[in-house]
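Sequences listed follow chains U and W, in order.
For the first sequence, this note's numbering gives the first residue as 1, with consecutive numbering after it.
For the second sequence, this note's numbering gives the first residue as 1001, with consecutive numbering after it.
There are no misleading hints in this set.
Only pairs whose alpha carbons sit at most 30 Å apart, straight line, appear in this in silico DSBU-like list of lysine-lysine:
{"id": "1", "chain 1": "U", "residue 1": "K135", "chain 2": "W", "residue 2": "K1095"}
{"id": "2", "chain 1": "W", "residue 1": "K1090", "chain 2": "U", "residue 2": "K2"}
{"id": "3", "chain 1": "W", "residue 1": "K1090", "chain 2": "W", "residue 2": "K1015"}
{"id": "4", "chain 1": "W", "residue 1": "K1087", "chain 2": "W", "residue 2": "K1055"}
{"id": "5", "chain 1": "U", "residue 1": "K137", "chain 2": "W", "residue 2": "K1095"}
{"id": "6", "chain 1": "U", "residue 1": "K2", "chain 2": "W", "residue 2": "K1015"}
{"id": "7", "chain 1": "W", "residue 1": "K1087", "chain 2": "U", "residue 2": "K137"}
{"id": "8", "chain 1": "W", "residue 1": "K1090", "chain 2": "U", "residue 2": "K135"}
{"id": "9", "chain 1": "W", "residue 1": "K1087", "chain 2": "U", "residue 2": "K135"}
{"id": "10", "chain 1": "U", "residue 1": "K137", "chain 2": "U", "residue 2": "K2"}
{"id": "11", "chain 1": "U", "residue 1": "K137", "chain 2": "W", "residue 2": "K1055"}
Simulated from the structure, these hints should not be mistaken for laboratory data.
Small disclaimer: the values here were computed from a predicted structure and weren't measured.
The chain contents come next:
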Amino acid sequence: MKVIAHVISGAVIGITVGFMIALGFSVLNHTATFMPSTPEFVARFSNNLAATVASTGLWALIGIVFEVASYLVFVRSQWSITHQTIVHFIVTYACFTPLAIIADWFPVQDYLISYTIAFVIIYLIAWFSSMQIAKAKVRRLNQLLNNNQSQHD
Amino acid sequence: MVPFYRIIRFYTQDKHVVCETTAGTYRVRQRMYELRMQLSEATFISVSNAEVISKSAIESFSLTGSGSYQINLTSGASTYTSRRYVKQIKEAFLK
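Okay, chain U solo, but in the shape it has when bound:
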C-alpha cells in the first residue's frame, strides 16, 4: 500500500521539522535545556523527557496529516485545481488545527482568527501559483500543437 509509505515519510518529515523548529526556539530563547514546545506545554508533564516524547508524537501526526492529505488529493489529478485545493484545505485545517492546539502552539482564544486567516492566505497563494503553472503548461501545449500542425501543412 502506497499510503503506508506516505504515513512513514510523513512521520519522518514531521519529526525532523518539529525538532528543528523546537531546537531553533530553544536556542533563540537561550533556554537551559532543550524545550520541545512552549513552556505551558512542557509544564503539563512531570519532566522534560515526557514532554519531548509527547511532542515527538504530535510532530509525527502533523507530518502524517500533510503528507497523506497531499498524496490522497494529488493522485486525483482529474480533479480541478480549485477542487484539489479546497479538499486539501479542509482536510489539513480540520486535522492540523486540533494538533496545533494540543501542542500549545498558540492560545486558542486570541489567535484562532488570525491563524485561520494565515491558513487561508497560504492556500490562496498555493491555488494562484498552481493556476499560473497550469496556464503556462496550456500555453506550451498550444505552442507544440501549432508547431506540429505547421509541420504537416
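Chain W: place on chain U using the hints.
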C-alpha cells in the same frame, strides 16, 4: 469500415468502448488497453484512462476557470485531461 483519418477519438461509455468519427459514433469490440497497443503513437494520444484522441482532431488546449485541462476538438466538442497526462501529451507532440 471507417477510414482511419476520419476517427476523432475512442472513449469508454457505460463499460463499452466507442469510436467517434466524422461519420458517426460506433461501438468497438476491443478494450481500451488493446486499442492503446494497436494504435500508432504518432497519430493517437491518451488523454485519460478512458480516452484516446487523434492528434489531428485537437483544435486547442485551454484551462477552465476552476483549473481543469480542457481539450477543444475540431468537431466543436470538448473533453478533459489531467496533470498526469499533460506530460505524456507534451512528449507525444515533441516526437
